[in-house]
Amino acid sequence: MVRGVFMAAAISLLAIILLIMNYLLSTWLFGEKRNKISDTDGENFHRWVLVFIGIIVLIFSTVINRIDSNYVIWFLLGLLVVICIFQSFMEWKYLKESKQYVIPLILMVFGVICATGIIVINEQMKYTTFQEVVSDQLNEETTVRSISIYVNDFSNNVLEREAKTTINDEKIIDRILEDLSNLELKKDNDFRNYGVYTIRFVTTNQVEEDHYSTESWYIDLTENYAIITEGSLGSYEIVSETGHLKTIKSLIGSEEVDWEFEEE
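Going by this note's numbering, the sequence shown opens with residue 303, and the numbers climb by one from there.
Note that these hints are calculated values from the structure, not bench results.
Glycine residues also receive a C-beta, built at the ideal position from the N, C-alpha and C atoms.
Keep in mind that a hint or two might mislead.
With beta-carbon atoms standing in for the labels, derived distance ranges [stated by the list, open to error]: (1) Val460 to Ile554: 19 to 29 Å; (2) Val422 to Asn470: 40 to 50 Å; (3) Ile408 to Val504: 52 to 62 Å; (4) Gly545 to Thr445: 43 to 53 Å; (5) Ser457 to Ile322: 33 to 43 Å; (6) Ala311 to Thr445: 36 to 46 Å; (7) Ala311 to Thr524: 29 to 39 Å; (8) Thr418 to Asp560: 47 to 57 Å; (9) Val460 to Arg502: 15 to 25 Å; (10) Ser515 to Leu407: 54 to 64 Å.
Here are the simulated lysine-lysine pairs, DSBU-like style, with alpha carbons at most 30 Å apart [to be verified]: (11) Lys489 to Lys395; (12) Lys489 to Lys551; (13) Lys466 to Lys488; (14) Lys488 to Lys548; (15) Lys338 to Lys401; (16) Lys338 to Lys473; (17) Lys401 to Lys428; (18) Lys488 to Lys551; (19) Lys395 to Lys338; (20) Lys548 to Lys466; (21) Lys489 to Lys428; (22) Lys551 to Lys473; (23) Lys473 to Lys395; (24) Lys548 to Lys489; (25) Lys551 to Lys466; (26) Lys338 to Lys428.
Construct the entire structure; sequences and hints are all you get.
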């Protein structure tokens with residue numbers, strides 16, 4: 303969500319810059335010959351349409367936190383295009399002789415290109431890997447003390463633990479880590495749910511010379527999503543087919559580990 307807000311702010315800033323550029327370019331190119339819509343019969347219509355657009359933006363800002371960040375970005379981009387087209391239309395209709403209407407059209411094309419570039423870069427920045435996300439907690443120098451697996455049940459729309467186990471066997475731990483190591487992820491903080499499996503890691507890392515820190519941290523896993531509470535915390539869509547739950551599923555009910563099942 304933070305990145306979505308940043309993107310919305312970037313496109314809003316771009317719109318403000320384009321409005322300023324429209325004023326500066328028309329002043330520079332036309333100088334004293336520059337005409338204003340406020341000096342024509344279209345003044346009232348122009349003003350009220352801008353007020354209407356302002357009201358829409360104000361209403362939209364009150365619900366922005368409840369809307370998918372992608373919709374917010376496309377709404378603002380569409381609004382940017384509408385404002386430029388409207389300004390160009392008004393200048394064409396009422397200031398036709400001055401040719402000022404060409405400037406908003408050029409700026410609109412420039413703005414769309416810039417906004418599209420921002421969106422593409424933002425989309426690329428969403429892609430990462432499991433190893434990158436938890437690199438501070440889990441790397442080549444890390445000692446994994448234990449891994450606990452909690453099996454969750456959502457059948458009654460309430461989070462309930464069905465079973466749990468704690469694993470200290472290094473071979474099993476290595477198998478689980480191997481399954482997770484190749485996960486390719488895409489940031490998706492609009493996902494709101496718990497994982498079918500909650501994994502608790504207890505790890506030790508060197509933080510200073512001769513000083514080590516042991517901490518526990520969690521991830522929630524489903525077939526398609528990972529919710530991570532450490533590192534670059536957030537929700538991620540799993541975009542690779544790596545069998546990340548292979549070992550975990552094979553252990554459920556297995557005699558390789560000791561399970562504690564919740565009583566009904």
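Task: Proposed proximity, Lys551 with Lys489 (alpha carbon, max 30 Å) - done: holds, 25 Å
TODO: Compare the distance between the alpha carbons of Lys488 and Lys548 with 30 Å, and conclude whether the hinted pair is satisfied.
DONE: holds, 21 Å
Task: Outcome for the supplied range 40 to 50 Å, where the beta carbon pair is Val422 and Asn470 - done: Roughly 46 Å apart at Cβ, these two residues keep to the hinted range, so it holds.
Task: Pair hint Lys489 and Lys428, alpha-carbon separation not exceeding 30 Å - done: holds, 5 Å
Task: Hint check for Thr524 and Ala311 - Cβ pair distance inside 29 to 39 Å - done: At 31 Å between Cβs, range holds.
Task: Status of the given 47 to 57 Å range, CB of Asp560 versus CB of Thr418 - done: Cβ of Thr418 to Cβ of Asp560: about 55 Å, so the range 47 to 57 Å holds.
Task: Pair hint outcome, Lys401 versus Lys428 [Cα-Cα no greater than 30 Å] - done: violated, 43 Å
TODO: Decide if the proposed pair is consistent with the structure: Lys395 and Lys338, CA atoms, cutoff 30 Å inclusive.
DONE: holds, 12 Å
Task: Given hint Lys401 paired with Lys338 - CA-CA distance at most 30 Å - done: holds, 12 Å
- [ ] Take a quick look at whether Lys466 and Lys488 sit within 30 Å of each other, Cα to Cα.
- [x] holds, 28 Å
TODO: Would you mind confirming whether the straight-line C-alpha gap from Lys551 to Lys466 stays at or under 30 Å?
DONE: holds, 13 Å
Task: Consistency of beta-carbon spacing, Thr445 to Gly545, with hint 43 to 53 Å - done: violated, 25 Å
The structure fails to meet hints 4, 5, 11, 16, 17, 23 and 26 from the earlier list, while all remaining hints are met.
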